[in-house]
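Protein chains: 2
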Amino acid sequence: MSKQLLLTPGPTPIPEDIQKIMSKPIIHHRTPQFKEIFAESSAMLKKIFKTEQGVITFASSGTGAMEASVANVLSKSDKAIVVRGGKFGERFTEICKAYGVEAINIDIEWGQAPDPADIKRAFEANEGIKAVYLNLCETSTATVYDIKKIAAIVKETDAILVVDVISGLGSDEFKMDEWSVDIAVGGSQKGLMLPPGLAFCAISQKAWGMVDKSTLPKFYFDFKQAKKMLDKNDTPWTPAITLVIGLKKSLSLMAEAGFDNFINTHKKNAEYLRKEIKQMGLGLFSKSPSDAVTAVKVPDGIDGLELVKTIKANGVTVAGGQAALKGKIIRIAHMGSITRKDLDRGLTVIKDALKTLGYKN
Amino acid sequence: MSKQLLLTPGPTPIPEDIQKIMSKPIIHHRTPQFKEIFAESSAMLKKIFKTEQGVITFASSGTGAMEASVANVLSKSDKAIVVRGGKFGERFTEICKAYGVEAINIDIEWGQAPDPADIKRAFEANEGIKAVYLNLCETSTATVYDIKKIAAIVKETDAILVVDVISGLGSDEFKMDEWSVDIAVGGSQKGLMLPPGLAFCAISQKAWGMVDKSTLPKFYFDFKQAKKMLDKNDTPWTPAITLVIGLKKSLSLMAEAGFDNFINTHKKNAEYLRKEIKQMGLGLFSKSPSDAVTAVKVPDGIDGLELVKTIKANGVTVAGGQAALKGKIIRIAHMGSITRKDLDRGLTVIKDALKTLGYKN
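So the protein lines, in turn, are chains A and B. Going by numbering that gives the first Met the number 0, the first sequence opens with residue 0, and the numbers climb by one from there. Going by numbering that gives the first Met the number 0, the second sequence opens with residue 0, and the numbers climb by one from there.
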């Protein structure tokens, strides 16, 4: 197994205390002992989503919960606005397509954040929009969107706002209830410092109002089944027991630090990294950089794929670019348990790798 | 955390070697290192399913893969035969209902196995059956079905045979290709000695022929997306990395023992347990007992719920009955890593608990 420092935007390194508790002898899920753990995790999830609403936990990766946020609220031929500013915005459109939902795509240049006015215009130009789908942090471009402003627009309509906070949660500012977000979709392997395998949906009363009207088929990801059991501190299907046990620990660690302190630390670390990157003469890819992950432009004359490999050979794993950005950017995560010290190690290795590949600042 | 001996039909105890490897520092999934692990796991899965077909791994519990076995092959208003002999047979009917598939239910008394002739008659009585859904081991009643005979009937039709092998795999005899099973649905937390969170679908060529015609919506559980990536030793969505790493270890341990030896050991342990149970003057609930789990009738005058609690208070966790069987049976698993010695400990504790509750043999 590798002794690599993971600076990837999921999975992120798992603190030893969490690893340890997850490797204790497994317990059965239909027991008071597990129900208590699940109840405590579910209660703490509300704190990080900043909501009073129940947060559903699925045994799946984040994409499953993204699908749930479509299948549970819409019906065939419904119209939904999708902001496509990267790979994960595109995923919402693909899910809509799979379900026969008409996606009205707002395509923005990768690395840009959407202009809230464009969302307003899309509502004006299209009758009967039922939902708006977008990301808090578009992980593929390391770009944070202004959810607060967009939510204020969607709030004035009959539509609901669905935000993928998978990579942003715990790093980028997010206030579900205060901002009036209707569904927030999370995942375990990013800011929550866990292995992948858990996904979350926090659901507003406005969204629940649409759940009853939705006629799209669903079963495993059925909100109503999950909510009915959540109210009894239980799950309809076998939960990912060890990951839920890890979740309780992870959220406890965050609560000890203070959820807001946790987010502030990431904000500061992100600012620090961006400053250091600029001092190396490198450019940031995003026009609206996220505090969860930073995308750095690969300088001219340097092979981006080689750069990722060279960094890895020196003990640090960063992510490259996806799709059209392949070879053009590297992405350095600073979410979850990643510390300032980790970032310093990453920066040193990146600097050396660039030098090895002939980069001169 | 508990020092209970888990004799429950999922989760089952996780061997230390598997725990250990899962708690090493996490690695990224889009790396040659993970792809190799995933490739080796996928190859070994074929051995245990006894198939030459690719086996898809999902990050979900078994129910997700059950849903996948409906959504990927059928279309709205299609007809499917479902054998309902317990809670997990019923689940297939519920999934069909959620997708607008017409379930033709063959209801059998709980604890009985289906008569293959009834499946033949259902085909004769109904035109256009597209699929037959049933369990290898109906976990809720600890009953094994004669899949070989039923498969021989379905093979002669245009329909496919879908078998939930979630609890039976690794304990009850199962030969996917030799018997002509079309989709086999598995899970991680039973015979595979892992935490819950992985599910599997092995898919025959006959079933793939139906995938192209299916119009039901799917995304996260889409067979085609998963297969396309499986062919590259990859997954379309973030896999449950730690569980896949555990899976490789678990399958390696089984391969070392020999897959057939592994199953034979469970067969012998099951026979041993049934003999001992009878010698205690207790009755078996199932008319066709599984080699994965045994259901024992709670004797007259004993409170079944109290019995489970008393057993637990003495360090052993067994499962009670579900739905109509609540309080009427206890279920003792002998799948996965559960040994003869574990069963002996279980038997001693059960005997003592019965005595405490006033049972006289």
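Think of the hints as simulated: they come from the structure by calculation, not from any bench. Remember, predicted model here, so these are calculated numbers, not experimental data. Ideal Cβ placement from N, Cα and C applies to all residues, glycine included. Mixed in with the good hints there might be a few duds.
Simulated coverage check for chain B against chain A, where a stretch passes if three residues somewhere in it have a Cβ under 8 Å from a Cβ of chain A [what the hints assert, rightly or not]: (1) 60–73; (2) 97–103; (3) 339–348.
These are the hints, each one checked on the structure:
| no. | hint | result |
| --- | --- | --- |
| 1 | 60–73 | holds (count 6) |
| 2 | 97–103 | holds (count 3) |
| 3 | 339–348 | violated (count 0) |
Hint check: a violation occurs at hint 3 only; the rest are consistent with the structure.
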